[in-house]
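K.L.:
Required output: the full structure, derived from the provided sequences and hints.
2 protein chains.
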Amino acid sequence: MDVDEGESDDTRQALMRATFRALCDHGYADLSIQRIADEFEKSKSLIYYHYDDKDALLLDFLDYMHERFTEGMAEMERAEPGEQLLEFYDLVVPAEMDDEQASFIVALFELRTKAPQAPPYRERFTDMDELMKEHLARYLETGIDAGVFRDVDVDETAEFLLSIFNGMMVERATTAMGDRVATHRAAFESYVDDLSA
Amino acid sequence: MDVDEGESDDTRQALMRATFRALCDHGYADLSIQRIADEFEKSKSLIYYHYDDKDALLLDFLDYMHERFTEGMAEMERAEPGEQLLEFYDLVVPAEMDDEQASFIVALFELRTKAPQAPPYRERFTDMDELMKEHLARYLETGIDAGVFRDVDVDETAEFLLSIFNGMMVERATTAMGDRVATHRAAFESYVDDLSA
Chain A
1093 MDVDEGESDD
1103 TRQALMRATF
1113 RALCDHGYAD
1123 LSIQRIADEF
1133 EKSKSLIYYH
1143 YDDKDALLLD
1153 FLDYMHERFT
1163 EGMAEMERAE
1173 PGEQLLEFYD
1183 LVVPAEMDDE
1193 QASFIVALFE
1203 LRTKAPQAPP
1213 YRERFTDMDE
1223 LMKEHLARYL
1233 ETGIDAGVFR
1243 DVDVDETAEF
1253 LLSIFNGMMV
1263 ERATTAMGDR
1273 VATHRAAFES
1283 YVDDLSA
Chain B
1093 MDVDEGESDD
1103 TRQALMRATF
1113 RALCDHGYAD
1123 LSIQRIADEF
1133 EKSKSLIYYH
1143 YDDKDALLLD
1153 FLDYMHERFT
1163 EGMAEMERAE
1173 PGEQLLEFYD
1183 LVVPAEMDDE
1193 QASFIVALFE
1203 LRTKAPQAPP
1213 YRERFTDMDE
1223 LMKEHLARYL
1233 ETGIDAGVFR
1243 DVDVDETAEF
1253 LLSIFNGMMV
1263 ERATTAMGDR
1273 VATHRAAFES
1283 YVDDLSA
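If you read the sequences in order, they're chains A and B.
Counting from 1093, one number per residue, gives the positions in the first sequence under my numbering.
Counting from 1093, one number per residue, gives the positions in the second sequence under my numbering.
Treat each hint with caution, since some may be false.
[As the list claims (entries may be wrong)] On the chain B side, residues computed to face chain A include the following (Cβ under 7 Å): (1) A1106; (2) P1186; (3) E1188; (4) D1190; (5) P1208; (6) L1223; (7) D1243; (8) F1252; (9) S1255; (10) G1259; (11) T1267; (12) L1287.
[What the hints assert, rightly or not] Which chain B residues face chain A? A few, computed with CB under 7 Å, are given here: (13) E1248; (14) T1266; (15) A1278.
What the hints contain is simulated information worked out from the structure, not anything from laboratory work.
Heads up, the beta-carbon is just placed ideally off N, CA and C, and yes, glycines get one too.
P.N.:
See below:
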């Protein structure tokens, strides 16, 4: 979506919020422009004015998520070095999720499954993973610089951490984990402890 | 599928192989009983004789995968303690995948996305993760008993390792990782080194 003026910016925000709510309520499989329009306070024709189809809207939604994620990560930088990784964990895979959070993780995961067949989706999720990895690398560097962490290989460790987060998100979205959620959190804490200088 | 006799057993094997090939060729989204029948040397009516619909067949395919995975894991037990984790890594996320392996990981991942909405799929993937975790725990115990690994918390560490594998599989299936594949392998090796007694 081309944003030329403040008004368009507000429209995009409202439409992205409507897409978020529609994804939480219906999941990707049952999502339609009509269902997004039902959550949108402005006219449906305005959606078609800005987007050719549902995919164009969803791809912009992923870009919007990328922007929001970048903002959220900036907040995290204010945490103590050494605490950032655990705070990030609790943000991405909170012990208690309300229905909206759980539905949203599932919906994002459904969108991710379009990636193997659809290059624009593949590109977005590659970028999303790289952004996440970049931030994990920054927390590691901050910890090493502050003398809190050992001098580990930052690139390797960030890659490793990324797969822990992606794996945990997949498991939370597709299996009945029960008590395993707490076990995983404890294991992550031990891993971070082992990074100590 | 009820297997009462040897003949039925052969039929199931042939049908499971046909399902595997159809999933590799078409992915889950474009899969149909007809496409499975095209890969099956026996008659299509035999498929409907044993399965009510595509989902019943796919759920049995997941049970078959579970059985095959159990067999594959038994082989792994023969590796040296301390080597088992790395051999498992190379089996599950090989550095070089042929087209069939890559397509199959993608197809399994597509099936996994049915789990949030469909309890029978959720149950299969919960079992699959628990089976994988059990084997990871066994490799850890073998290593600890042999004095190769430190006395780590087996349950926590196995849970942690499981998410590393699931995360890596998701990333391989849905992003363009490039050189990150080798970085991840190196990170995994460092992690196993850090388990050393």
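K.L.:
A separate judgement is required for each hint: does it hold in the structure or not?
P.N.:
Hint check:
1. A1106: Cβ of A1106 of chain B sits 27 Å from chain A, so the hint is violated.
2. P1186: Status violated, d = 15 Å.
3. E1188: With Cβ-Cβ at 18 Å, over 7 Å, it is violated.
4. D1190: violated (16 Å)
5. P1208: holds (4 Å)
6. L1223: violated (12 Å)
7. D1243: Because about 13 Å separates D1243 of chain B from the closest Cβ in chain A, which is outside the 7 Å limit, the hint is violated.
8. F1252: holds (4 Å)
9. S1255: holds (3 Å)
10. G1259: holds (3 Å)
11. T1267: holds (4 Å)
12. L1287: This hint is violated: L1287 of chain B lies away from chain A, its Cβ roughly 10 Å from the closest one there, beyond 7 Å.
13. E1248: holds (4 Å)
14. T1266: At 4 Å from the nearest chain A Cβ, T1266 of chain B passes the 7 Å test, so the hint holds.
15. A1278: holds (5 Å)
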